[in-house]
Amino acid sequence: ECNVPGVFDMPLVIDTLLQKKDIDAVVTLGAIIKGQTKHDELIANVVAARISKLSIKYQKPVSLGISGPGMSERQAFGRIRPVSERAVDAIFKTAEELKRIK
17 ECNVPGVFDM PLVIDTLLQK KDIDAVVTLG AIIKGQTKHD ELIANVVAAR ISKLSIKYQK
77 PVSLGISGPG MSERQAFGRI RPVSERAVDA IFKTAEELKR IK
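For the sequence shown, the residue numbers in my numbering are 17 to 118.
FYI, nobody ran anything at the bench for these hints, they're computed from the structure. Among the hints, erroneous ones may be present.
In silico lysine to any residue, SDA-like type, Cα no more than 25 Å apart, as pairs [claimed, not checked]:
(1) Lys54 / Lys73
(2) Lys115 / Gln91
(3) Lys73 / Thr32
(4) Lys54 / Lys109
(5) Lys109 / Tyr74
(6) Lys50 / Ile72
(7) Lys73 / Val104
(8) Lys50 / Glu89
(9) Lys115 / Leu70
(10) Lys37 / Glu113
(11) Lys109 / Ile72
(12) Lys73 / Phe24
(13) Lys73 / Asn19
(14) Lys73 / Glu112
(15) Lys118 / Val104
(16) Lys73 / Ala60
(17) Lys36 / Ser68
(18) Lys54 / Lys115
(19) Lys115 / Glu101
(20) Lys69 / Val20
On a predicted model such as this, the values are computed, not experimentally measured, just so you know.
Model the full assembly from the supplied sequences, consistent with the hints where possible.
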């Protein structure tokens with residue numbers, strides 16, 4: 017388990033984890049809360065692109081369990097369980113599919 021101050025900080029930690037031989041996959045969990053500007057949309061787009069590139073670079077699955085953008089804090093808290101469950105489910109399905117096709 018790793019903790020970062022914000023979603024934008026995830027790619028560096030994910031990169032470090034994926035370099036380890038004993039790490040087969042990474043599940044990300046977080047929320048991007050809407051503020052007064054469209055900054056949340058920028059963060060969501062940048063982070064999703066970076067996470068996707070890391071997954072391809074290391075050929076290891078990374079699931080996107082990040083809710084938002086455009087969510088209030090209340091909405092994000094309400095989505096914690098379904099988003100995290102989907103992220104974990106996706107990582108297992110992706111890992112199994114990768115095993116099957118390799």
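Exercise. What are the numbers of the hints that this structure violates, sorted from low to high?
Worked result: Hints 1, 2, 4, 6, 18 not satisfied by this model.
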